[in-house]
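Its first residue numbered 1, the sequence shown is counted upward by one per residue in the numbering used here.
No wet-lab data here; the hints were simulated from the structure. For glycine and all other residues, C-beta sits at the position ideal for the given N, C-alpha and C. Be careful, since some hints might not be right.
No more than 16 Å apart at the CA atoms, straight line, and that leaves these computed lysine to aspartate or glutamate pairs for EDC-like [claimed, not checked]:
{"hint": "1", "residue 1": "K87", "residue 2": "E188"}
{"hint": "2", "residue 1": "K85", "residue 2": "D110"}
{"hint": "3", "residue 1": "K64", "residue 2": "E51"}
For each label pair, taking beta carbons as the anchor points, the in silico distance ranges come out as [stated by the list, open to error]:
{"hint": "4", "residue 1": "G239", "residue 2": "A70", "range": "26 to 36 Å"}
{"hint": "5", "residue 1": "P187", "residue 2": "Y258", "range": "23 to 33 Å"}
{"hint": "6", "residue 1": "G232", "residue 2": "R61", "range": "44 to 54 Å"}
{"hint": "7", "residue 1": "Q130", "residue 2": "R74", "range": "37 to 47 Å"}
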Amino acid sequence: MHRFYISPEHCNPDALVLTGSEAHHARDVLRMKRGEKLVLFNGRGREITAEIIDLSGDEIRLRKLHEADAPPLRCRIVLGQAIPKGKNMELIVQKAVEIGAAEIAPIISDRTVVQVDSESAAQKEAKWQQIAIEAAKQCGQNWLPRVHVPKKLPEFFDAAISLQSVQTSNSDVATTFDLQLIGSLQPEAQHLKKILADYSSEHRYRPRNVLMLIGPEGDFTPAELALARRHGCRPITLGPIILRVETAAIYCLSILSYELLV
Numbered sequence: 001m002h003r004f005y006i007s008p009e010h011c012n013p014d015a016l017v018l019t020g021s022e023a024h025h026a027r028d029v030l031r032m033k034r035g036e037k038l039v040l041f042n043g044r045g046r047e048i049t050a051e052i053i054d055l056s057g058d059e060i061r062l063r064k065l066h067e068a069d070a071p072p073l074r075c076r077i078v079l080g081q082a083i084p085k086g087k088n089m090e091l092i093v094q095k096a097v098e099i100g101a102a103e104i105a106p107i108i109s110d111r112t113v114v115q116v117d118s119e120s121a122a123q124k125e126a127k128w129q130q131i132a133i134e135a136a137k138q139c140g141q142n143w144l145p146r147v148h149v150p151k152k153l154p155e156f157f158d159a160a161i162s163l164q165s166v167q168t169s170n171s172d173v174a175t176t177f178d179l180q181l182i183g184s185l186q187p188e189a190q191h192l193k194k195i196l197a198d199y200s201s202e203h204r205y206r207p208r209n210v211l212m213l214i215g216p217e218g219d220f221t222p223a224e225l226a227l228a229r230r231h232g233c234r235p236i237t238l239g240p241i242i243l244r245v246e247t248a249a250i251y252c253l254s255i256l257s258y259e260l261l262v
């Protein structure tokens, strides 16, 4: 069955409707008819099988048939990706969703070629978030990764620090990353396999919150790498072959998914 995204605030099982681009896709592109069944997901783990009962207006009204909740993935993997040239960021966002990233943070690095100001940053965020939605629809992922607004590396770390505590009913609870990694061409960089093995050996459990930073064409600058290391990022090598940016992202996420999500 075809899958459609409905935001959590509009996901009312007792009054289900498709609006906007999702309604257009169902009615005008797929030519769906009254009585056909489809699947809705709200990006927070909920999936609803529904039947079309009315397509006469701007909205498509639906009747719930079945509802289920998918558990979140075992590890929250955040991809901090320096924005590459061309449309490669679109590919990276798509594949990050398919592989299981929980969040995607575009980074404006010193070697980023793409010009990003405040206006274009918001536009790119919206575009990449829509690509994430389409990827989640296609691959059956019911937990929609959030794509953040592009930030420079110092701003990214400042934002991460400001979010390290969340208010609960009892006290402030730290929500720092268990493990922070950065792809590096430096000779002292370690293999990811060893870092994960050392972490499991030391803590007796696998990390549950991981940050993976990937640089742009030409890698992060020495100053950016030093900044990341000051914030606890451990340099990892991606092997003897120099990888393209999009390949590096897919490579690292694939290893982390295999080791931490299964």
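These are the hints, each one checked on the structure:
1. K87 with E188: Between K87 and E188 the Cα gap is close to 32 Å, so the pair fails against 16 Å, i.e. violated.
2. K85 with D110: holds (13 Å)
3. K64 with E51: Cα-Cα ~7 Å, so holds.
4. G239 with A70: 26 to 36 Å: The hinted range 26 to 36 Å holds for G239 and A70, with Cβ atoms some 34 Å apart.
5. P187 with Y258: 23 to 33 Å: For P187 and Y258 the Cβ distance comes to about 26 Å; the hint holds.
6. G232 with R61: 44 to 54 Å: For G232 and R61 the Cβ distance comes to about 50 Å; the hint holds.
7. Q130 with R74: 37 to 47 Å: About 27 Å separates the Cβ atoms of Q130 and R74, which means 37 to 47 Å is violated.
Going through the hint list in order, the structure does not satisfy hints 1 and 7.
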